[in-house]
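A.B. asks: Chains as they are written, first to last, in this note's numbering: chain A, 58 to 249; chain B, 58 to 249.
Incorrect hints may appear among the rest.
For chains that are exact copies, the list does not tell them apart, and a pair is met inside one copy or across any two.
[Stated by the list, open to error] Capping the alpha-carbon separation at 25 Å, the derived lysine to any residue pairs in SDA-like fashion look like this:
| hint | residue 1 | residue 2 |
| --- | --- | --- |
| 1 | Lys136 | Gln118 |
| 2 | Lys157 | Gln172 |
| 3 | Lys173 | Asp82 |
| 4 | Lys109 | Leu96 |
It is worth saying that the hints were derived from the structure and are not from the lab.
One letter stands for each residue in the lines below.
Protein chains: 2
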Amino acid sequence: MNQVPLILASGSPRRKFLLKQIGLDFQVIPSDIYEDFSLRLPSKDFAEHFAKLKAHSVANQFPDRLVIGADTIVVFNNKILGKPSNKEEGTEMLSWLSGKTHTVITGVCLELKDQKICEIFSEETRVTFQHLSKNEIQNYIETYNPLDKAGSYGIQDWFSVCVKKVNGCYYNVVGFPLSAFYQKYKAIISTF
Amino acid sequence: MNQVPLILASGSPRRKFLLKQIGLDFQVIPSDIYEDFSLRLPSKDFAEHFAKLKAHSVANQFPDRLVIGADTIVVFNNKILGKPSNKEEGTEMLSWLSGKTHTVITGVCLELKDQKICEIFSEETRVTFQHLSKNEIQNYIETYNPLDKAGSYGIQDWFSVCVKKVNGCYYNVVGFPLSAFYQKYKAIISTF
Numbered sequence: 058m059n060q061v062p063l064i065l066a067s068g069s070p071r072r073k074f075l076l077k078q079i080g081l082d083f084q085v086i087p088s089d090i091y092e093d094f095s096l097r098l099p100s101k102d103f104a105e106h107f108a109k110l111k112a113h114s115v116a117n118q119f120p121d122r123l124v125i126g127a128d129t130i131v132v133f134n135n136k137i138l139g140k141p142s143n144k145e146e147g148t149e150m151l152s153w154l155s156g157k158t159h160t161v162i163t164g165v166c167l168e169l170k171d172q173k174i175c176e177i178f179s180e181e182t183r184v185t186f187q188h189l190s191k192n193e194i195q196n197y198i199e200t201y202n203p204l205d206k207a208g209s210y211g212i213q214d215w216f217s218v219c220v221k222k223v224n225g226c227y228y229n230v231v232g233f234p235l236s237a238f239y240q241k242y243k244a245i246i247s248t249f
Numbered sequence: 058m059n060q061v062p063l064i065l066a067s068g069s070p071r072r073k074f075l076l077k078q079i080g081l082d083f084q085v086i087p088s089d090i091y092e093d094f095s096l097r098l099p100s101k102d103f104a105e106h107f108a109k110l111k112a113h114s115v116a117n118q119f120p121d122r123l124v125i126g127a128d129t130i131v132v133f134n135n136k137i138l139g140k141p142s143n144k145e146e147g148t149e150m151l152s153w154l155s156g157k158t159h160t161v162i163t164g165v166c167l168e169l170k171d172q173k174i175c176e177i178f179s180e181e182t183r184v185t186f187q188h189l190s191k192n193e194i195q196n197y198i199e200t201y202n203p204l205d206k207a208g209s210y211g212i213q214d215w216f217s218v219c220v221k222k223v224n225g226c227y228y229n230v231v232g233f234p235l236s237a238f239y240q241k242y243k244a245i246i247s248t249f
């Protein structure tokens, strides 16, 4: 369905997998943006801010391509959780989230610099966990080493048994809101 | 994590994939049960009834194994939708569901005959579709030929862009409620 060359400005294997799932051809050029968690912004603005920075940094090098930037965060008790820096932090995050409901937000920026197109949006999904035992958390952290995932879990691996309920876009929790993206993408390519 | 030999009494490649995702070892022995859609039962009872029949038919041959039977249906406007019998029926189903919310129910039966264990339960998930154009429906039916799927769609393929929102267990929509299953499975194996 591609009508303009696409670049995914993200090194996430999950985002790559999802875009392939919907039949898109694209190049992967990860941005070099560092996500600064000390930045004080409302959570939606935070995710959109970094999605925008990621898209911008790659769009500046490839102004004739449609560049996709995305940033996924987990929000619990008004605290933004990114990727854990080590196993201890991962264990702590899962203990907080056990038996509770949190929000996953992915900010997305679609930029085609030459055409002055820059669409920014975000998608929120509520996720409710089962109660997790200490053993389950420890086994999960040791076996799956989810240090590359916001909130320290992958809803698409063994951890799926721990997710009681999703309210919103499931793929947003994996790392990219396919349905919301597709609506924006359709609107952009319809203008060519 | 297996502590008792498991049999999946279903030929569905999606159920097989999901049970592998959570690290289970199992044998696949599809039941030969015919799903009779003329049977008048409330939708939850319908799905549980056929899950039970599927598990029973295999458990009778393998009474010392834990047999998993499952049946997934789509319910819209009090009508039960199974797998479409041809492309025209598939197209009709997607036109009904376009822009609306429907319910996916999977009935599950876990039977270990020798130990007189027979757990039956079901899981319901609400699914909201984007508005689908005639073109999108036609392309999807022609390209993906979803005749082996209840409701005529696969939430895990291209169709993911058409699903606006899920409320409940996502994997239930794929064909097997992983989280609810795991809770029951843990309870059963803890008694050995």
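A.B. asks: Next, verify each hint and record whether it holds.
C.D. replies: For each hint, the structure was consulted:
no.	hint	in the structure
1	Lys136 x Gln118	neither (34 Å within a copy, 54 Å between copies)
2	Lys157 x Gln172	neither (44 Å within a copy, 35 Å between copies)
3	Lys173 x Asp82	within (22 Å within a copy, 53 Å between copies)
4	Lys109 x Leu96	within (15 Å within a copy, 54 Å between copies)
When the structure is compared with the earlier hints, violations turn up for hints 1, 2 and for no others.
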